[in-house]
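These protein sequence lines map, in sequence, to chains E and L. Under our numbering, the residue at position 85 of the first sequence is numbered 625, and the numbers go up by one with no gaps. Under our numbering, the residue at position 117 of the second sequence is numbered 237, and the numbers go up by one with no gaps.
It cannot be assumed that every hint is accurate.
Taking lysine-lysine and the PhoX-like style, the derived pairs with C-alpha atoms no more than 25 Å apart in a straight line are [said to hold, decoys possible]: (1) L:Lys241 x E:Lys700; (2) E:Lys720 x E:Lys672; (3) E:Lys756 x L:Lys323.
Since the hints were made in silico from the structure, they are not lab data.
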Amino acid sequence: MLAKRIIPCLDVTAGRVVKGVSFVELRDAGDPIEIARRYDEQGADELTFLDITASSDDRGILFRIIEQVAEQVFIPLTVGGGVRQVEDVRNLLNAGADKVSINTSAVTNPQLVADAAARYGSQCIVVAIDAKQVTPGRWEVFTHGGRKATGLDAIEWATKMQTLGAGEILLTSMDRDGQKIGFDLALTRAVTDALEIPVIASGGVGNLQHLVDGVKQGGADAVLAASIFHYGEYTVQQAKQFMAQQGIEVRL
Amino acid sequence: MVDIAVIDYGMGNLRSVQQALHSVAPHASIAVTDDPQVVAQATRVVFPGQGAMPDCMRELDARGLRSAVLEAARSKPFLGICIGLQMLFQHSAEGDVPGLGILPGQVVRFAHDLHDAQGNKLKVPHMGWNQVHHAEHPIWQGIAQDARFYFVHSYYVQTNDKSLVQATSDYPQPFVCAVARDNLFAVQFHPEKSHAAGLQLLKNFVNWNPV
């Protein structure tokens, strides 16, 4: 059967991998190419690169990173951050990305998701949603790296993105990001139940049980984590072995 | 004249395919090309594809590549990947379009509302690493039974000609994920994104000399 995917996430700025707490307080985690290679060797199922500053100066650096990773790592690569037009999607795919993640621009210009999916196929269009709980059972979509409220309901928004052609949803709980207290399981479950396309749970992983919970309780198709892998707490292989012991189908 | 032509009909990124081939055949000349002449003269041909099949068929014809593909599929080691497998068949439910009709069968969509044995909802597209149950063929050399490959697709092929089937995968029912006939081999998954097993498959293709 299809395996649940484990996806290490590399937040990149100025050519370095960093990790913050609830989207701020960035800490250096190392060289992206070295880190990508390490996770590949450990059995990562995919890699996600998010250009978290997405300034024009950094753009060239990001492209060179993606090009170099794609030359050495033969697993799917998702790249996001600062994708504003179909041209940006094309450039990232040409640099070696297999999927492109669209976040803020999906909100400001939903037609971008439809156009990019029509042009390059839903399989390569990931819509990233940063959600924050407003009341129990209700989550709101935030943009601009979590700084701007949109008034959009996260579940309705995810459903709309699926209709427009997103092939997958990368769902991050802003309340949990960097907190290491586990995914927002209610959010994950609500979105995954509402959708037919795969959902990647993100935000809050602090130990291996959190990954298991994301799949078993949250119903996630894939789990994304950063800090537990970056700072050597666990290898991807250890995470997979733990999940397998808990009865989750993984690629070992 | 190139060793391996990767057919480019403008549908998406072929860099991954090219790089994976380069890593298993560092001395081979590999061309990503939309030139029917280059395809005609290549020793081997890789026919990838992504996106929607109606667009793929249209773009293939817009570039005048149809006869080059038909000829290559008849005459030299030929590897179809993803939509490049689906296009070999007679018809696709995706956009209700005819395919190239090289192989008998049709392309159909996974049902809505699929569930696994535990009652969990199965998503479409079928995306991720699934086990491949394979038959005997030189292309599978050195690849473990039930090895996992990376898939991303919402449609799959159905054929009544069981002799074509070289592998199946389960989602949750078995579906055909590899076919072969003579010099032609085609897979639904993405070997270029399937880590060691995928690279081994590409290596086997590069070394394959069908009679």
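For each hint, the structure was consulted:
no., hint, in the structure
1, L:Lys241 x E:Lys700, "holds, 19 Å"
2, E:Lys720 x E:Lys672, "holds, 16 Å"
3, E:Lys756 x L:Lys323, "violated, 38 Å"
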